[in-house]
Amino acid sequence: MSQQNENQSQADTQTKKLGIGTDEWVAQHDKRLARRVGALGVLDFLNEKVSNRTRYVALLLAAIAFGFFVDNQYLLRIASNLGVFLMMTIGINIVLGFAGLLDLGFVAFYGFGAYAYALTSSSQLNQHWPTYLSVPAIVITTAFLGYLVSLPSRRLFGDYLAIVTLFFGQIFIQLVLSSDSITFPGHTDSTDITGGSNGIPGLDPFKFFGQPFKSTTDYYWLLLIVLTLLLIAVTRIDRTRVGRAWRTVREDPLASQSMGIKVNNLKTLAFIVGAAIAGFAGAIFAGIQSAVFINGFDVPLLTLVYAAVILGGSGSIPGSIIGAFVMSVLPEILRVQNYSEMLFITVLVLTIGVIGKTWKRFALNIVSVVVIGYIVKLALNASQLATTPSKIWAIAPVSKALRYWLVLPSNRIVWGNIAFVALVALVAYYSIAREKIKPLLLPLIAYISIFLWEDRLVADANTTRQLIIGAMLVVLMIVRPQGFLGKARVEVL
Amino acid sequence: MEFGALKSLAELDLTVNKEEIVSVIGPNGAGKTTLFNIVTGIYTPTSGEITLDGQSIAGKDPAVVNQLGIARTFQNVRLFLNMSVIENVMAATYARTRSNIFASAFGTPASKREEQEVRQRAEELLNFFGSRLTGYRWDQPAYSLSYANRRRLEIARALATEPKVLLLDEPAAGMNPKETQEISEVIGRMRAEKKLTILVIEHDMHVVEGVSDRVVALDHGVKIAEGDFDSVATHPDVIEAYLGKGSADRK
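As they're listed, the protein sequences go chains A and B. Going by this note's numbering, the first residue of the first sequence is number 1, and it counts up by one from there. Going by this note's numbering, the first residue of the second sequence is number 494, and it counts up by one from there.
Hints were generated in silico from the structure; no laboratory data involved. Computed from a prediction, not measured in an experiment: that's the story for all the values here. Treat the hints with caution; some may be incorrect.
[Said to hold, decoys possible] With a cut-off of at most 25 angstroms between alpha-carbon atoms, the simulated DMTMM-like pairs for lysine to aspartate or glutamate come out as follows:
| hint | chain 1 | residue 1 | chain 2 | residue 2 |
| --- | --- | --- | --- | --- |
| 1 | A | K262 | B | E678 |
| 2 | A | K262 | B | E542 |
| 3 | A | K262 | A | D460 |
| 4 | B | K716 | B | E504 |
| 5 | B | K657 | B | E610 |
| 6 | A | K262 | B | E608 |
| 7 | A | K262 | B | D546 |
| 8 | A | K262 | B | D554 |
| 9 | B | K657 | A | D252 |
| 10 | B | K687 | B | D721 |
| 11 | A | K262 | B | E607 |
| 12 | B | K716 | B | D697 |
| 13 | A | K400 | A | D460 |
| 14 | B | K605 | A | D192 |
| 15 | A | K262 | B | E610 |
| 16 | B | K553 | A | D252 |
| 17 | A | K49 | B | D632 |
| 18 | B | K500 | B | E513 |
| 19 | A | K487 | B | D546 |
| 20 | A | K487 | B | D632 |
[Claimed, not checked] Distance windows between CB atoms, simulated:
| hint | chain 1 | residue 1 | chain 2 | residue 2 | range |
| --- | --- | --- | --- | --- | --- |
| 21 | B | R612 | A | P152 | 35 to 41 angstroms |
| 22 | B | K688 | A | E491 | 35 to 41 angstroms |
| 23 | B | L545 | A | R53 | 55 to 61 angstroms |
| 24 | A | W359 | B | S624 | 39 to 45 angstroms |
| 25 | A | E435 | B | N593 | 52 to 58 angstroms |
| 26 | A | I232 | B | T544 | 45 to 51 angstroms |
| 27 | A | F66 | B | F599 | 24 to 30 angstroms |
| 28 | B | F599 | A | E435 | 54 to 60 angstroms |
The beta-carbon is built from N, C-alpha and C at its ideal position, and this holds for glycine as well.
Please model the entire structure based on the sequences and the hints provided.
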């Protein structure tokens, strides 16, 4: 009897701890349901356990270590470009993610900052300002430019704002292009202000306390300091008064205005802050490159920055870091065949894992792919079709590992085309196939992808880079539209 | 108030006294929400004037009107859905607080203190509704709230702007009898504890009877009756507006 009582009271305490049936337990019900099984479930679990601050500190330590131990100028250049790109991503995150303003002319502020540095630190106008003067002046001027751009945008939202700001971005480009021969009134000959499409080369490096920056490493350290301070500042702003007000502007401007929040002023503030950050980034970029060319500040860069912020999750600052990394470092990594191969295989396996949902399904899929490979190999050997010796295509670690399993016919181009068409057809069919047929198609699609990769795409590094990034973006947006770390939003139209 | 050729409100003469609760009733399309929109500055009246404590507020920006002391809730609940419950209320204190982005970014003691005060004030306002919007609920996104809770949150948010006058647009819409009773009590408590003047648009006559000092009836933009609840409820024009021609005679 006493044993029974003990068990009963133990069960009672457990029930009390869980509070089954109480409001709190019910409220967390959705969270429990959402904890998915399989690979994603593990990731989710790890995600919750590690706090944000730990992650930031770990990242900072890794970045410091990188600066101390890496000498390779190429790597440092990539890292510094990442730093500048991250600054821009944060700036756009404030304008788009916090305040909800679709500013498509953002890169113009970046370009303005770069050109402003070029004009104050080169022989173009024979101005050689000291850095402690030029950079703050540039930040302030770009902020003022942001203010000017925000004025006509006050009454605009959404698509209309996008068009107007895109227009401003293009005005900037045209202005720079045609400012290589401006005739001032009262003079007969023209002056070359911006170097037009040739840009402005030969910029002075940054100089602090009389010491000029000697290599990219110096810029790396500067960026590390600037970014650390910027991330701290922006995270704090996000959590407090102005950040909340910005988010109300994004959510419902009318309700926001009715609660005493001056929406127009906040929009202007977002523009100013975003522009200031972009201008700062532009100046540093100009210092690193020692030259400015206008075609680096046009729509292609805008697309990359936007992709970065949406990939990471608009409104999420940690997300910006991930997004900036993916869009800035990844293309560089993919130049190297070894890495691009490994990335391809990883992405493919991950996609299978995500679609498969459970560990069992995942294992089944992998086994099916392997089986298909051997079947094809047997079929090709039996039919005595000429095959390409693996020496030719197995050059990197992954392809070397595959050479006993994958067989490539000698007529690579023809078969490559056939495989490409088959792949597109199969993927299209997959998207409309019945649920029962989908698991059968998946291993086939995976095999054809691997075949195609080794057959055609590996040889052409540039195309493969674009394809991989594009494919990743598409897959991610389908699977998780709010980006890596964004919050799923409820929109009321 | 005219929208083109549509006369939405005409010759409306309405006075509300301090700490009074006035209900505005009338069939749909009578111009009640238009009245609220004009008072809060969302529309500019085409004729006539609006004064608050002797100061004219007609045509002023809604943010300015709010800071002069008028807060409102919306008929179709316009919350900041993707923000958490407590953030909704904290955000509404923006105009009454001062830390700018530099103060927040540097984490000055003053800004930290203000942030704590804002948080405390929001918690107090949410506790006003008892256990409904308390504790773990604070950090949940507003879109996870039930309909009745969303209405309560909207009232809490309006209160966070520290108003003198509160305009409630159909606060009891879509609520069951028990929740309706709660809302009536809340309105009474708000007037008593926070010394507010309250203007209520309502269709539910139980609420109107329970809270009003005075009732104003509108129909097609014109005031058709005014007085205490009993006189307005039995007024033949009001009965006709709600129940149709001939009902007054039958009654």
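55 to 61 angstroms as the expected CB spacing between A/R53 and B/L545, which holds or is violated: 47 angstroms Cβ-Cβ, so the 55 to 61 angstroms window is violated.
Satisfaction of hint between B/E678 and A/K262, Cα-Cα up to 25 angstroms: Violated. A/K262 to B/E678 sits at ~33 angstroms, over the 25 angstroms cutoff.
Pair hint outcome, B/K657 versus A/D252 [Cα-Cα no greater than 25 angstroms]: holds (24 angstroms)
Verdict for A/W359, B/S624 (Cβ pair) under range 39 to 45 angstroms: holds (42 angstroms)
Pairwise hint evaluation, B/E610 against A/K262, where the allowed Cα distance is 25 angstroms at most: Roughly 22 angstroms between the alpha carbons, so the hint for A/K262 and B/E610 holds.
Proposed proximity, B/D632 with A/K487 (alpha carbon, max 25 angstroms): Holds: A/K487 and B/D632 sit about 14 angstroms apart, inside 25 angstroms.
Agreement of B/K716 and B/E504 with the hint, judged by alpha carbon distance not exceeding 25 angstroms: Judged against 25 angstroms, a Cα distance of about 8 angstroms means the pair holds.
25 angstroms limit on alpha-carbon distance, applied to hinted pair A/K262 and B/D554: Between A/K262 and B/D554 the Cα gap is close to 9 angstroms, so the pair holds against 25 angstroms.
Satisfaction of hint between B/D697 and B/K716, Cα-Cα up to 25 angstroms: holds (19 angstroms)
Restraint status (C-alpha distance of B/K553 to A/D252 at most 25 angstroms): holds (20 angstroms)
Restraint status (C-alpha distance of A/K262 to B/E542 at most 25 angstroms): Given pair A/K262, B/E542 holds - Cα atoms ~24 angstroms apart, limit 25 angstroms.
Given pair status - B/D546, A/K262, alpha carbons within 25 angstroms: Distance ~23 angstroms between A/K262 and B/D546 Cα, so the pair holds.
In this structure, the earlier hints numbered 1, 3, 14, 18, 19, 23 are contradicted, and the remaining ones agree with it.
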